[in-house]
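Peer 1: Here is what each chain is made of, one letter per residue.
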Amino acid sequence: MQRYAINILLCAAALILVGLAHAGKLDGYVLHVITLIGINCIFALSLNLVNGYMGEFSCGHAGFMCVGALTGALLSVALFTDSTLFGTAIFASHWAPFLFPLVLIGAMITAALAGLIVALPSFKTRDDYLAIITIAANLIIISIFNNIDAIGGPRGFLGQQQTINAMSNFIKLPWMLIWTLIGVFICVIVIRRLMTSTYGKGVSAVCQNEVAAEMMGVNTNRVKIMAFMVSSGLAGLAGVLYAHHIDYVNPKSFDLLKSTEGLVMVYLGGMGSITGVLMAAVAFTLLVESLRFIIPMLNNGLHSIGLLPESYHLDQKWAWVFIPLMLILLMRFRPEGFLGNRELTHVFPRLKRWITLK
Amino acid sequence: MEFSLQNSIVNFLQQCANGLEIGSFYALIALGYSLVYGVLRLINFAHGDVFMVGAYLGFFISTALLAPEGMSGLSPIATLILAIPLTMIFTSLLGVSLERVAYRPLMRKGAHRLYVVITALMCGLILQNGNVALLGASHSAFPELVPVVVYDVWGVNINNVMLFIVITAVLVFLALHFIVSRTRMGMAMRAVSWDKFALPLMGIPLNKVIVFTFVLGSAVAGLGGFLHGMSYPVLEQDMGASIGWKAFIAAVVGGIGEVRGAFVGAFLLAFVETMVNAFLPSTYSDLFAFSILLLILWHRPTGIFGRPLTAKI
Amino acid sequence: MPLLKISGLTQRFGGIQALSDFSFQLEEHEIVGLIGPNGAGKTTVFNIVSGFYKPTEGKVVFNGRRINGLKPHQITALGMARTFQNIRLWNNMTVLDNMRLARYAWLGYSFWSAIFRTQRYRRAEKNIENQAREALEMMELTDYAEELPKNLPYGLQRRVELARALASKPRLLLLDEPAAGLNSSDADDLIHFIRWIHDEFKLSIWMIEHQMKVVMSLCQHLTVIDFGCTIASGTPEEIRNNPDVIKAYLGDDTL
Numbered sequence: 298m299q300r301y302a303i304n305i306l307l308c309a310a311a312l313i314l315v316g317l318a319h320a321g322k323l324d325g326y327v328l329h330v331i332t333l334i335g336i337n338c339i340f341a342l343s344l345n346l347v348n349g350y351m352g353e354f355s356c357g358h359a360g361f362m363c364v365g366a367l368t369g370a371l372l373s374v375a376l377f378t379d380s381t382l383f384g385t386a387i388f389a390s391h392w393a394p395f396l397f398p399l400v401l402i403g404a405m406i407t408a409a410l411a412g413l414i415v416a417l418p419s420f421k422t423r424d425d426y427l428a429i430i431t432i433a434a435n436l437i438i439i440s441i442f443n444n445i446d447a448i449g450g451p452r453g454f455l456g457q458q459q460t461i462n463a464m465s466n467f468i469k470l471p472w473m474l475i476w477t478l479i480g481v482f483i484c485v486i487v488i489r490r491l492m493t494s495t496y497g498k499g500v501s502a503v504c505q506n507e508v509a510a511e512m513m514g515v516n517t518n519r520v521k522i523m524a525f526m527v528s529s530g531l532a533g534l535a536g537v538l539y540a541h542h543i544d545y546v547n548p549k550s551f552d553l554l555k556s557t558e559g560l561v562m563v564y565l566g567g568m569g570s571i572t573g574v575l576m577a578a579v580a581f582t583l584l585v586e587s588l589r590f591i592i593p594m595l596n597n598g599l600h601s602i603g604l605l606p607e608s609y610h611l612d613q614k615w616a617w618v619f620i621p622l623m624l625i626l627l628m629r630f631r632p633e634g635f636l637g638n639r640e641l642t643h644v645f646p647r648l649k650r651w652i653t654l655k
Numbered sequence: 531m532e533f534s535l536q537n538s539i540v541n542f543l544q545q546c547a548n549g550l551e552i553g554s555f556y557a558l559i560a561l562g563y564s565l566v567y568g569v570l571r572l573i574n575f576a577h578g579d580v581f582m583v584g585a586y587l588g589f590f591i592s593t594a595l596l597a598p599e600g601m602s603g604l605s606p607i608a609t610l611i612l613a614i615p616l617t618m619i620f621t622s623l624l625g626v627s628l629e630r631v632a633y634r635p636l637m638r639k640g641a642h643r644l645y646v647v648i649t650a651l652m653c654g655l656i657l658q659n660g661n662v663a664l665l666g667a668s669h670s671a672f673p674e675l676v677p678v679v680v681y682d683v684w685g686v687n688i689n690n691v692m693l694f695i696v697i698t699a700v701l702v703f704l705a706l707h708f709i710v711s712r713t714r715m716g717m718a719m720r721a722v723s724w725d726k727f728a729l730p731l732m733g734i735p736l737n738k739v740i741v742f743t744f745v746l747g748s749a750v751a752g753l754g755g756f757l758h759g760m761s762y763p764v765l766e767q768d769m770g771a772s773i774g775w776k777a778f779i780a781a782v783v784g785g786i787g788e789v790r791g792a793f794v795g796a797f798l799l800a801f802v803e804t805m806v807n808a809f810l811p812s813t814y815s816d817l818f819a820f821s822i823l824l825l826i827l828w829h830r831p832t833g834i835f836g837r838p839l840t841a842k843i
Numbered sequence: 164m165p166l167l168k169i170s171g172l173t174q175r176f177g178g179i180q181a182l183s184d185f186s187f188q189l190e191e192h193e194i195v196g197l198i199g200p201n202g203a204g205k206t207t208v209f210n211i212v213s214g215f216y217k218p219t220e221g222k223v224v225f226n227g228r229r230i231n232g233l234k235p236h237q238i239t240a241l242g243m244a245r246t247f248q249n250i251r252l253w254n255n256m257t258v259l260d261n262m263r264l265a266r267y268a269w270l271g272y273s274f275w276s277a278i279f280r281t282q283r284y285r286r287a288e289k290n291i292e293n294q295a296r297e298a299l300e301m302m303e304l305t306d307y308a309e310e311l312p313k314n315l316p317y318g319l320q321r322r323v324e325l326a327r328a329l330a331s332k333p334r335l336l337l338l339d340e341p342a343a344g345l346n347s348s349d350a351d352d353l354i355h356f357i358r359w360i361h362d363e364f365k366l367s368i369w370m371i372e373h374q375m376k377v378v379m380s381l382c383q384h385l386t387v388i389d390f391g392c393t394i395a396s397g398t399p400e401e402i403r404n405n406p407d408v409i410k411a412y413l414g415d416d417t418l
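Residue numbers (this note's numbering), protein chains in the order written: chain C, 298 to 655; chain W, 531 to 843; chain X, 164 to 418.
Note that these hints are calculated values from the structure, not bench results. Mixed in with the good hints, there may be bad ones.
Here are the computed lysine-lysine pairs in the BS3-like style, where the Cα-Cα straight-line distance is at most 27 Å [to be verified]: (1) W:K639 x X:K313; (2) X:K217 x X:K332; (3) X:K365 x X:K222; (4) X:K234 x X:K217; (5) X:K234 x X:K332; (6) X:K289 x X:K332; (7) X:K234 x C:K421; (8) X:K217 x C:K421; (9) X:K332 x X:K365; (10) C:K549 x C:K614; (11) X:K234 x X:K365; (12) C:K421 x X:K222.
Please model the complete structure; the sequences and the hints are all you need to start from.
Peer 2: Put into structure tokens, the structure is as follows:
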């Protein structure tokens, strides 16, 4: 029983969160930030599979998120809402809470297939060159969606949030939060279970010594396909949740800057550590959001002590100067991230008593 | 307009001319990517933004020289002659300080290569967003230093700025090629990429070679930025990202680390892009450029001129 | 039928002929050696046999099946394992996990069973765990099961690598310089050890080795190559007195 303590605690925390949101105790902004944290957790964890466990350097992970977001949004609109694009809904809207997983699964499968763009070249290429391929993949995906006018091209696509609204009309619950929590849960379970199995350890073997892996019977090409597909599939999950949360997706939201955000979270947390990356995703999202408040404060502060000329105002454009700067300092002084490739349970072995590792 | 064979030939030649110009910008940036990669095995992702900074510096320097406050400024030609070397000096200072402040401490610490690459990526973001934050998103217009003269060669429009740019790019390439293949410093640069530890045995300090590489690469990128400003006077902060990425791809396609490769790759990419633009909506050019990159890397991971990687046991 | 039959193997890298017309035969339950000066092409032979290189010409038949053209992992699954000249262990996972992964070709469950933790998965993992522990026990490495290989002394790392190769239960074991970096008394231990695993597991061993003591006392048959060409083959006694071999090792002048 003791071994399940943390799991029970986390479930309880999730339930309390949902309860608070349901009772209307959390204001819209807080809810928004919590949902974003969840989405970022999934995004970062999925990237961690490739960049952390497999030791490749994927810089274009947002591309797969884009695939998930757009196909998910399309599926959602087609299945549950009347639209000019697809005509009448396939299912009556009260089916939405039950059949929404179809949307999630559909988005994940398409994103996973998109992962093949990177997985197949990875047979022959590694390191820098593979990094470049991932960048190219990201840009290719964006530019494909930019060129499909039916879904709005560069203007983007919207309307999928009606599905979430339909769920709320049926049963009044904070559905977005619930689906995000489920998503995070699935993501952690999948990666955890994968990486503790001998099957998944093939990924670490490829990371450490690909030649030895192949020579000792590991089908490295299959391992790579599996890792890239799982990773991009989960990124697709992050994407479809993001699309439903924001209700407006255009390909530009998934450019290299978004991929860079993923990299920041993975390297902040420590490559190959689930708990580390989760911590980093939370910290990073909070940091980005808090800059909304910190920068105006900094602006006022500098003005009041006269360090800034009256004519100049610090604004949110500085956020993306501060964030990379922080990452540079992190690389310089703590390159292994919060936890390195260790889990929280390795840093605090006593935690092991309270948690099951399976 | 009547469609005829002659028209399509003229159109084709016009696209070739445009391709040459765009290729020159790609080449000037790609050379820097390749030089640094050749020496340090580092993808200097901030390099595209050095190009962008070059364009802005060129803009500030030439407007300042043309009309300093309270004084009558220099003539446009004198400005051009003075502003180009000044821009190059400043961008090379920028390149060297990036190396000093951001990359070298990490490398000296023996950090994993990827950390240095990410640091470079971050430096690029800082340059780009710092510029946006400082100057705002307003578009600055580059002053006209040389009056544009358009020549009509069998229906193909070519102007003097275009010619100037292409010739400069070719000269820069020849100069760099000479430096890398013939001079003592160039030999040292090639030696570093083979064996970092044997270099001090040649009597050349490693840091000197690295600094020299960054000076060369960044100066050439600055030159590229300046020329780009002359040809496309509207400056944008994301040009480092948009043009820089393409140039990077060009370097990779040619075989990153090879000066020749960067040059050939740049023109190849530019031609593909202009040809796509000629027959399809311009939004497709990215799609084609990147797809070509992907296919080339898939089948020949080290590019056209790159040495094939061999795994050893 | 020989366990391994190589005929007319040729390998060119660009313009360099690394191996020319190499033929070789290995019977079941034999220990044989492949020797030659540095750069003679010995490791190239192993790399071709284990599937890492595709030979320019020639044929490799293992256990009655043509294996050149197969991927290394497929060849491993057919019952061949090897060690490396420079140790190649997975340093980011424990010694036990290193053993586990040697069973990768015989996992017996799929991705989805791993995710859903099916009965099949649990049974297979238990099986793998047992075999991994068995391999450690055999090699007297049980105490180090939870260590990372990089934290072990060199000699132990070699043993872990050997254990990993044995954990895949091979019929043919390729050893690439097993005694490299070992001193004389360690080498003696190694000789006993190899003899023991040879008898215990009824396997065939083909080794590349520089230390003559090891080769001479273990191998029933030797092949000598130089510059990619076979210059002699025979029993250790014959090889010891073969003038071509002495010339290859010591140069012309000393004769």
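Peer 1: For each hint, tell me whether it holds in the structure or not.
Peer 2: Right, here's what the structure says about each hint:
With a C-alpha separation of about 21 Å, the suggested pair W:K639 and X:K313 falls inside the 27 Å cut-off, and the hint holds. For the suggested pair X:K217 and X:K332, the alpha carbons sit about 25 Å apart, so the restraint of at most 27 Å is met. At most 27 Å may separate the alpha-carbon atoms for a hinted pair to count; X:K365 and X:K222 meet this at roughly 26 Å. Restraint check for X:K234 and X:K217: satisfied, since their Cα atoms lie roughly 9 Å apart, inside the 27 Å limit.
For a cut-off of 27 Å, the pair hint linking X:K234 to X:K332 stands: about 18 Å separates their Cα positions. Taking the CA atoms of X:K289 and X:K332, the gap is near 17 Å; set against the 27 Å cutoff, the hint holds. Between X:K234 and C:K421 the CA atoms are separated by roughly 14 Å; this keeps the pair inside 27 Å, and the hint holds. Simply put, X:K217 and C:K421 have alpha-carbon atoms about 15 Å apart, close enough for the 27 Å limit, and the pair holds.
With a C-alpha separation of about 10 Å, the suggested pairing of X:K332 with X:K365 holds against the 27 Å cut-off. Restraint check for C:K549 and C:K614: the C-alpha separation of about 18 Å stays at or below 27 Å, so the hint holds. Note on X:K234 and X:K365: the hinted pairing holds, with a Cα-Cα distance of about 25 Å set against a maximum of 27 Å. Of the supplied pair hints, the one linking C:K421 and X:K222 holds, its CA atoms being roughly 25 Å apart against a limit of 27 Å.
Hint compliance for this structure: no hint is broken.
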